[in-house]
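Generate coordinates for the entire structure from the input sequences, incorporating the hints supplied.
Quick mapping for you: the protein sequence lines, in order, are chains A and B.
The numbers in numbering that gives the first Met the number 0 rise by one with no breaks, and the one at position 238 of the first sequence is 237.
The numbers in numbering that gives the first Met the number 0 rise by one with no breaks, and the one at position 371 of the second sequence is 370.
These are computed hints drawn from the structure, not numbers from a lab.
These numbers come from a predicted model, not from an experiment.
All clues given are correct.
DSSO-like cross-link-like pairs, simulated, lysine-lysine; straight-line CA separation at most 30 Å:
id, chain 1, residue 1, chain 2, residue 2
1, A, Lys82, B, Lys4
2, A, Lys308, B, Lys231
3, B, Lys4, A, Lys11
4, B, Lys13, A, Lys11
Partial pick of chain A residues on the chain B-facing surface, computed with a CB cut under 7 Å:
id, residue
5, Arg306
6, Ile314
7, Glu317
8, Gln321
9, Val328
10, Ser330
11, Gln341
12, Leu409
13, Pro412
Just so you know, even glycine gets a beta-carbon here, dropped at the ideal spot from N, CA and C.
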Amino acid sequence: MSGGAASGDGRKDTPEQAEFRDYCQDWLSNNLPSPPTVRLPQSPLEIMTTDQLEYLCAWQKSAYDAGLVGCDYPEAHGGAGRKDCQRIANQEMQSVASPYLPNVIGLGMAAPTIYFHAQEPLKERVLPKLLSGEEIWCQGFSEPGAGSDLASVQTFAKKDGDNWIINGHKVWTSLAHFATWMIILVRTDKSDKYKGLSYFVVPIKEALGKGVTVRPLIKITGETGFNEVIFEDLVIPDAWRLGEVGEGWQVAMTTLTHERGAGPLVTPASGGKDKSSSRRSGSYGLIDLAKECNKGGRPASEDPIVRDKVMQTIIRQEGLRQAVRMSRVPSLVDHPMRIPLQGKLVGTEIMQDVAALAMEIEGAASSLYLADENAPHEGQWPLAYMNSFGMTIAAGTSEVQRNILGERVLGLPKSK
Amino acid sequence: MTQPKNFGFGDDEKMLRESARKFFTDNSSPDQVHKLVAGDPDPHRDLAANWDSSLWQQMVELGWTSIAVPERAGGMGMPAVAAIALVEESGRAAYVGPLLSTLCATYVLDACNSANADVSLGQVIEGRSYALAIGNQEGVIGDAPTAFLRDGKLNGEALYVQDPQKCDSIIVSALDANDKPVLVTVEKSSQGVTLLSDAIVDLTRDQGRILFADVSIADAQLLCESAGPVLKKVEPIIATLLAADMVGAAEWQLQTTNEYAKTREQFGRPIGFFQAVKHPLVDMMVMIDQARGLTYNAACAWDHEPESMDKFSYMAKASAAEMAIFCSNRSIQLHGGIGFTWECYLHLYFKRQMHSQMLFGDATYYRAKLAGCLFGDQAA
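What follows is the structure, given as structure tokens:
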């Protein structure tokens, strides 16, 4: 398809967008990287080896240099200075199933927060290499004692002249083992829960062994994937603060709003799957699985209960897809955030149920794990089921998501 | 064929929806519906259906009976999403009248594609209301009708006919002398037609068994000589229209229960503060939006992607049926004791939903049909 008139979500392209779309299509048709020689994990948050990282960072750099990443950021901050074009680049990158971008925390959470809250010199210092992927970012929000109740963080920053001295303990820190920078929410005043918070960027890589320790945490799957980060008298300059002292909570809301895909800046996103592969890997994939596996001496696909359960998950997945489609038709929706805020909750719960049902269809063979040569599909379904809890817990648990929907969309009284 | 991104829901459809919302708010409020149909709680009450025929006349004058009639028969020929939006609003108002059954009949008459059926379509525009007698003994649309047409005489019976008291005419599926199903139209007032009303739970509908005893059928009453393909074609759109009614009714259940959770106080707080109340309300909303998206998707497929109409309509009805059961259940439970009484309007919707979810086949029935499509091992 060329000519660029058809936007992937029904919105009509402006002339600038149409021209840019043509450019993206042209560039992508010549510049996609050759397939990796190493096996890539399912998500950039699971990048474990430098081989994986180097392959993906090379891709991000090349897409950035071509102007497909950071399109909407100002040129002074390393962006392309375009207007509402990241969406176009994303659609085109996803339609050709390009590799995903490794610096996800940076692009999706740190960059918009820095853009809206940092002083100009800091923006110019960190945003270009964030967008290019030359510097990886991680996020220091959660702590052992602060999960769903994020505002109860205890990691403390103490003012010391023009510097701050940080002590504390952050957990579930994906990509910290590769990160140059961390966005961090800390306490600067113990007397007020919300107004006692402040927000900084911290150069963790250069401080490794000098006030910062990064240790891997082992997931229930047996794999590593994220980390804990310990701060012991780390000194940082005041210039790396975002927002005023005591306004960390408001700054964190910018981060979280963009994390939920509901912020004003569109996150650069690649790593799409083509239509056929996403059909096979989602709930539709259970159809093939049921044909492969036996129940009671017959293919599981002939078992009426298996059939019914598979249809239930397919209907929910298709229902979510159609609800999202409906959310883009203004005359069919009364509240603009009603469906967008459901995406994380519903999408992750469906994936979890798909994995559980896949194990049920596999039966006894679902007990076989990654290292067993007889494991069906290399043991991916027990692995996926366990990993699915990462998705229903991270970035606001399903329970927190239901609170958000109940409070912001239905207008029910707040839990806190 | 591919669907337009916006389901083909344009300005005309939007205006229709808005005027329907206003019409039902003014003329079919829960208070009005309750006064109309819930005067006598006695399960052994008289079975005469109470409804407001003047409201139906107003709908006819607004042109709502012509929106689904094709232009060749003098109608507006609007897309199915328009009919869906109208039915969604009537479900939201728990409207009592022959709108849904007449709209369903409109699609049947259109699918007949015969001169006689087109004459009937002209009468639909004028306000003639129709009931459908096209189900089998299990109440689903099938190839085993329970009426028989021999030598110009209709005999037998039809089961689970919806809103027969409110309709002027009945479309009957009957087996002819060669055991092939045909479709005929019969005046309810004809000699030999007897309506035996069922005592049903739903107060917003009536239902009945219709007996045919040597009812004379003239050539002009024959709508279609080969009813099998017609019934196969219309089952998906009928299922989709029912899904739209459930989606509208569920949105009322959600909004009403949500409002109650914000005002009813226990333990010194509105009960909606508590997550045991808040989270099920969110779950209702999530299920409604999925069912609604699937319903508009199916309606859009009717006009733009007919090759996918079967599977999309099965998804819509199955999703809406599960959703209707859940929302009905939670709406009563979250209201507590008051929700369990006759004086609270919730029971009107609870009963309508429990009726709609099983009508012409419940969620399990449609999931089995969907499995046939997607596993590729059964004729859809």
